[in-house]
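**Q** What follows is the residue order along each chain.
There are 2 protein chains.
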Amino acid sequence: MLKLYYSPGSCALASHITLQEAGAAYATERVDFKSNQQNSAEYLAINPKGRVPALVTDRGILTETPAMLAFIAQSFPQAKLAPLDDAFAFAQVQAFNSYLCSTVHVAHAHKGRGARWATDDASFADMKRKVPETVGAGFALIQRSMLKGPWVMGEQYTICDPYLFTLSGWLEGDGVDLSTLPKVADHRQRMSERPAVQKVLADETS
Amino acid sequence: MLKLYYSPGSCALASHITLQEAGAAYATERVDFKSNQQNSAEYLAINPKGRVPALVTDRGILTETPAMLAFIAQSFPQAKLAPLDDAFAFAQVQAFNSYLCSTVHVAHAHKGRGARWATDDASFADMKRKVPETVGAGFALIQRSMLKGPWVMGEQYTICDPYLFTLSGWLEGDGVDLSTLPKVADHRQRMSERPAVQKVLADETS
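Protein chains in written order, with our numbering: chain Y, 1 to 206; chain X, 207 to 412.
No more than 30 Å apart at the CA atoms, straight line, and that leaves these computed lysine-lysine pairs for DSS-like:
1) Lys34(Y) - Lys336(X)
2) Lys354(X) - Lys49(Y)
3) Lys111(Y) - Lys317(X)
4) Lys49(Y) - Lys334(X)
5) Lys49(Y) - Lys255(X)
6) Lys286(X) - Lys49(Y)
7) Lys80(Y) - Lys255(X)
8) Lys317(X) - Lys130(Y)
9) Lys336(X) - Lys111(Y)
10) Lys255(X) - Lys130(Y)
11) Lys317(X) - Lys405(X)
12) Lys80(Y) - Lys286(X)
13) Lys336(X) - Lys49(Y)
14) Lys128(Y) - Lys336(X)
15) Lys354(X) - Lys3(Y)
16) Lys128(Y) - Lys317(X)
17) Lys209(X) - Lys148(Y)
18) Lys317(X) - Lys334(X)
19) Lys148(Y) - Lys255(X)
20) Lys128(Y) - Lys334(X)
21) Lys130(Y) - Lys240(X)
22) Lys255(X) - Lys183(Y)
23) Lys317(X) - Lys389(X)
24) Lys130(Y) - Lys334(X)
25) Lys389(X) - Lys49(Y)
26) Lys255(X) - Lys128(Y)
27) Lys111(Y) - Lys255(X)
28) Lys111(Y) - Lys334(X)
29) Lys49(Y) - Lys317(X)
30) Lys130(Y) - Lys336(X)
Label pairs and their in silico Cβ distance ranges:
31) Leu347(X) - Gln198(Y): 33 to 39 Å
32) Gly355(X) - Ser145(Y): 38 to 44 Å
33) Glu29(Y) - Gly355(X): 28 to 34 Å
34) Lys405(X) - Gln198(Y): 51 to 57 Å
35) Asp383(X) - Gly9(Y): 33 to 39 Å
In silico contact screen, one side only, chain X against chain Y (beta carbon under 8 Å); selected entries:
36) Arg265
37) Pro272
38) Ala273
39) Gln280
40) Ser281
If you are wondering where the hints come from, they were derived from the structure by calculation, not from laboratory data. We put the beta carbon where it would ideally sit given N, CA and C, even for glycine.
The following block holds chain Y by itself, in its conformation from the complex (with noise of 0.2 Å):
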């Protein structure tokens, strides 16, 4: 059975939901960032990275939420949660989410993951100053030409949804102001509505 590492409150959430979206049989495990569970020597056997999230299969463990994300999708294919069978709009889903993961993402990450890339105090209160005017701008590119509607990718419902979701979750945090941001607004509540999103909510905050 497949087993997902996650956090509650970072980027799992979008394999979480999108585990439970596919109709998969898995289990969970949380792993306890306040105690730094990420970087215990267990931990790090299953992903040598040090992060969420991590899906151990039957076949060995994944991580990477875009490459997770296109698994699930292929794994489970009559929950038709990719265009598997169209190239081009495969990766028009793929872009989407690497756009995520490696501008977004990362944006949001210099809020309070300064560390990673700088070392003086100084430097990590300059990055978070700037996180509401970038992830601003990501969420912005989104809204001006990437998010169709009512989906990401339109009318049919993919891997694209749960990640936006996931990330959308974070804006008021990075003091981006919702309002200005519609499309992205209504994604997220119409995501809220959906039975998954709710039951894999409730399991995180249990």
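For chain Y, the structure is supplied; the task is to place chain X on it using the hints.
**A** For chain X alone, coordinates are given in the frame of chain Y:
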């Protein structure tokens, strides 16, 4: 016909090599970073992110290296550039490329692109000082637990290889001692002997 927008020395090299390896019919167009052409109205109409690479196809424009590499592999299956019939093996390929995109390339970008995430000159200098450590750590993990050899995924050359080659070409400039990374150095040498790589490098520097 496919058309790749690139800039010499950028991560677009990975897609350029992959198009060549795939035997694709493609054209290229150089984007002149020195004159800030990537932020011209003409180019922003192609890629609103103001970055390279961008790939024009008969269905529309694709961006984001991991998505483009998977698209090329899927569009030219006879070139066997990814394990297309094995969702787990494909996810391993994608996880590797996602790590390069969202961690290793991002670490590298803090050397010269600090203005993406901060405002003060002191922060840029601080970020720049840390680049040998952060890029070095990313490549140490690749050397230790990701690069199987002779190719990234083992015996089979995949879309991971031109991407690793592209980023490992930045190591000296990032202040990382390549002698600490013998498997990465071997991989770079092996890549540089491939006719497709030699042709693309000659084209980009001509």
